[in-house]
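**Student:** In the order they appear, the protein sequences are chains A and B.
Each position in the first sequence, counted from 1, maps to that position plus 7 in the working numbering.
Each position in the second sequence, counted from 1, maps to that position plus 146 in the working numbering.
Fair warning: there could be bad hints in the mix.
Here are the simulated SDA-like cross-link-like pairs (lysine to any residue), alpha carbons at most 25 Å apart as the crow flies [as the list claims (entries may be wrong)]:
(1) B/Lys198 - A/Leu166
(2) A/Lys37 - B/Ile173
(3) A/Lys163 - A/Asp106
(4) A/Lys111 - A/Val44
(5) A/Lys90 - B/Lys205
(6) A/Lys91 - B/Leu166
(7) B/Lys206 - A/Glu101
(8) B/Lys205 - A/Tyr161
(9) A/Lys93 - B/Lys201
(10) B/Lys201 - A/Phe109
(11) B/Lys198 - A/Thr158
(12) A/Lys95 - B/Ala170
(13) B/Lys206 - A/Val44
(14) B/Lys201 - A/Val44
(15) A/Lys103 - B/Leu304
(16) B/Lys206 - A/Tyr161
(17) B/Lys198 - A/Glu101
(18) B/Lys206 - B/Leu223
Read the hints as simulated data drawn from the structure, not as lab findings.
These figures come from a predicted structure and were not determined experimentally.
Spelled out from the first residue to the last, the chains are:
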Amino acid sequence: MQKEKVQNIDSNTACINASEQTHPGWYNLKYSLIGIVFGIVFVKAEIISWFRIQEMFRLQSFHMFGVIGTAVVVGAISVFLIKKLKIKTIHGEEIKIADKEFNKGQIYGGLLFGFGWALTGACPGPLFAHIGSGFFAILVVILSAIAGTWTYGYFKEKLPH
Amino acid sequence: MIEQIQAPWPWYIAGAIIGLIVPALLILGNKTFGISSNLRHICAACFPGDIKFFKYDWKKEIWNFFFVGGIVLGAFLANHYLMSGEAIKVNATLQKELSNYGITNFQYMLPSELFSFKALLTVRGFIIMVIGGFLVGFGTRYAGGCTSGHSIMGLSNLQWPSLVATICFMAGGFLMANIILPWILSL
Numbered sequence: 008m009q010k011e012k013v014q015n016i017d018s019n020t021a022c023i024n025a026s027e028q029t030h031p032g033w034y035n036l037k038y039s040l041i042g043i044v045f046g047i048v049f050v051k052a053e054i055i056s057w058f059r060i061q062e063m064f065r066l067q068s069f070h071m072f073g074v075i076g077t078a079v080v081v082g083a084i085s086v087f088l089i090k091k092l093k094i095k096t097i098h099g100e101e102i103k104i105a106d107k108e109f110n111k112g113q114i115y116g117g118l119l120f121g122f123g124w125a126l127t128g129a130c131p132g133p134l135f136a137h138i139g140s141g142f143f144a145i146l147v148v149i150l151s152a153i154a155g156t157w158t159y160g161y162f163k164e165k166l167p168h
Numbered sequence: 147m148i149e150q151i152q153a154p155w156p157w158y159i160a161g162a163i164i165g166l167i168v169p170a171l172l173i174l175g176n177k178t179f180g181i182s183s184n185l186r187h188i189c190a191a192c193f194p195g196d197i198k199f200f201k202y203d204w205k206k207e208i209w210n211f212f213f214v215g216g217i218v219l220g221a222f223l224a225n226h227y228l229m230s231g232e233a234i235k236v237n238a239t240l241q242k243e244l245s246n247y248g249i250t251n252f253q254y255m256l257p258s259e260l261f262s263f264k265a266l267l268t269v270r271g272f273i274i275m276v277i278g279g280f281l282v283g284f285g286t287r288y289a290g291g292c293t294s295g296h297s298i299m300g301l302s303n304l305q306w307p308s309l310v311a312t313i314c315f316m317a318g319g320f321l322m323a324n325i326i327l328p329w330i331l332s333l
């Protein structure tokens, strides 16, 4: 077993699991169901298309702006209602959403990710959808992305934040 | 109905479904929407080294792997059962520009001239796949999230740092696509 002290994941740099509850492993399959829906939408709305992303960044199509904009509006209304009506999880837990704290990483890292997004035509989600679509060469892109994340972790303390 | 499902889905349908993932994850188990954290969890699970950033209980975040596993499966199902097999409709100006760089195959989601194991051996293919991938992994973690974590989840929760991040994602993308990428494609 792991002897080192395990620290809690910092809320600002991860999509955190705010739940205090523990459940059997198969409970996680509900997240797979949501993932399946997401994967289908990625493909069917051509969000994973390199061409759609190029069109977005060249202002040649409204499609991607429409997708992201609608998602934000629907997401924001949902979060507002959850807070307003104090909606609980299906397990009766209070819903908590951690605030994002500002640091300069959002600027520097944001620009660097923007470069990568325009090059690969994919953010992390679509990369995984490419694998499901049979573009196995994208495994190379994913491995590079993992290497990039690891490199960030290695140099984190030396980088301006 | 079947024809509508097989045709590309409009932005408002796709956007609405993606937006609903935000409350779905919250209500199903207090999970905040995000994908790029998976890359960090993979590092933490496989090669944490002696790096503080990767020393946490990644097993607590295992739901995120199940989520991404679903994305892979969903993409597979969509490709096998929900497609009409027609080529992607690409903006005429973009088609013309890309054909100048020898990119003429618009049959698939990705241009085969840039994304294949063979393309990896070309200068531009290497830059786009390997350096591009590295920037996605490095940049998202440095920024603390990607399009889903910041642009959708963060903005939905009215977080101004997420707005800063989103503006920078877009600025970086515009700069790369319009100024730097044409040069890379000409290599």
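**Student:** If you draw a straight line from the CA of lysine 206 of chain B to the CA of glutamate 101 of chain A, is it 25 Å or shorter?
**Tutor:** Holds, at about 18 Å.
**Student:** Does tyrosine 161 of chain A lie within 25 Å of lysine 206 of chain B when you go C-alpha to C-alpha?
**Tutor:** 22 Å, holds
**Student:** Could you grab the alpha-carbon distance between lysine 103 of chain A and leucine 304 of chain B and see if it respects the 25 Å cut-off?
**Tutor:** Between lysine 103 of chain A and leucine 304 of chain B the Cα gap is close to 14 Å, so the pair holds against 25 Å.
**Student:** For the pair supplied as a hint, lysine 206 of chain B and valine 44 of chain A, confirm whether the alpha-carbon distance does not exceed 25 Å.
**Tutor:** 23 Å, holds
**Student:** Given the hinted pair lysine 93 of chain A and lysine 201 of chain B, is their Cα-Cα distance within 25 Å?
**Tutor:** 34 Å, violated
**Student:** Are lysine 205 of chain B and tyrosine 161 of chain A close enough, with their CA atoms no more than 25 Å apart?
**Tutor:** 21 Å, holds
**Student:** Keeping to a limit of 25 Å between CA atoms, is the pair of lysine 95 of chain A and alanine 170 of chain B held or broken?
**Tutor:** 12 Å, holds
**Student:** Would the hint linking lysine 90 of chain A and lysine 205 of chain B be met if the CA-CA limit is 25 Å?
**Tutor:** 28 Å, violated
**Student:** Does the structure keep lysine 201 of chain B and valine 44 of chain A at a Cα separation of 25 Å or less?
**Tutor:** Violated, at roughly 32 Å.
**Student:** Would you mind confirming whether the straight-line C-alpha gap from lysine 163 of chain A to aspartate 106 of chain A stays at or under 25 Å?
**Tutor:** 21 Å, holds
**Student:** Holds or violated: lysine 37 of chain A and isoleucine 173 of chain B, Cα atoms, limit 25 Å.
**Tutor:** Holds, at about 11 Å.
**Student:** With a cut-off of 25 Å on the C-alpha distance, tell me whether lysine 91 of chain A and leucine 166 of chain B pass.
**Tutor:** 17 Å, holds
Comparing the model with each numbered hint stated earlier shows that hints 4, 5, 9, 14, 17 and 18 do not hold.
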